Amino acid sequence: MVLTTWDGHLRIDHLAEDATVALTLVTVESATELRLREGLRAGFVTVDRQGPPAYVEVEIREGGLPADIAQLLGPRVAAAVAELIATGRAGRWLQLDLREIDGLAAAWAPYRLVTLAAEQPVRESRGALGAWAGELWTCLGLPDWREVLRALAAPPPTVEVRGTGEPESTRADRTEVEGAWQLPAELAGAVGVGPEVRWIVRPLAGAEFEIELRARRTGPPGGAVLQAGLDDGAQRWISFTAGEGGEPRARLIGTGEPVSVRFRSESRGLG
10 MVLTTWDGHL
20 RIDHLAEDAT
30 VALTLVTVES
40 ATELRLREGL
50 RAGFVTVDRQ
60 GPPAYVEVEI
70 REGGLPADIA
80 QLLGPRVAAA
90 VAELIATGRA
100 GRWLQLDLRE
110 IDGLAAAWAP
120 YRLVTLAAEQ
130 PVRESRGALG
140 AWAGELWTCL
150 GLPDWREVLR
160 ALAAPPPTVE
170 VRGTGEPEST
180 RADRTEVEGA
190 WQLPAELAGA
200 VGVGPEVRWI
210 VRPLAGAEFE
220 IELRARRTGP
230 PGGAVLQAGL
240 DDGAQRWISF
250 TAGEGGEPRA
260 RLIGTGEPVS
270 VRFRSESRGL
280 G
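Read in the working numbering, the sequence shown has 109 at position 100, and its numbers run on one by one without any break.
Hints are computed from structural coordinates only; laboratory data are not their basis.
Just so it is clear, the structure is predicted and the values come from calculations on it, not from any experiment.
Any given hint might turn out to be false.
Have a look at the derived ranges for each label pair, beta carbon to beta carbon [what the hints assert, rightly or not]: (1) G188 / R98: 45 to 53 Å; (2) A160 / A31: 30 to 38 Å; (3) P229 / A160: 36 to 44 Å.
Glycine residues also receive a C-beta, built at the ideal position from the N, C-alpha and C atoms.
All chains, please: the whole structure from these sequences, using the hints.
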């Protein structure tokens, strides 16, 4: 593992014509970039598996940053971005201290893992642990998850039945696909479930798909519940609730572009 020296010089550029904000944490090291979802790209130093994002490009929504990105950037950086957008300035510099750099590295760890793993021949099924506004979170599914959803969404090929001129499907109707992910142990322990989360994805009408998630209860949740949501920018979180046999389950409905799934602990408002 290589550790990168960060001097904390953060450049924030407001690209008004593109309705985006670009944040660059200055480094001489090369970075690997990935489009994480529509309206969000991030880059991380390729040889540093513990560092903060070297680059973030995010689309402005409703005059500001998406709520989740503002939380992941932290209050001072988010406030600087908001001030830049409000004043219409093209750019500014911000000096981050070591605590803030470490905070970015911790918050963005799940995105760092999927970004740096994108070019690896073996895909990760275990998420990295991140910090999210006092809660724990992880991100799972890129990029093989996208391939599963695309395959289910693709219409079956057809051939012409001889003598009839009528098309006929060359394979059976689309069926469900299932697999498993591994939550970080700290996140699983905080919500009282085992690390393994089983998933089943089913095609629905049109471009819609359903993701059924199942966990195994191992103990009391410790003051937090497990939530899941598609990383599509909509900020919709679904809590796991007891299903058949008391097994914690959640059901997500998506449409359009395949995206990854985020998990987080949620203790705010509980107890």
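Evaluation of the provided hints:
1. G188 / R98: 45 to 53 Å: holds, 47 Å
2. A160 / A31: 30 to 38 Å: holds, 34 Å
3. P229 / A160: 36 to 44 Å: holds, 39 Å
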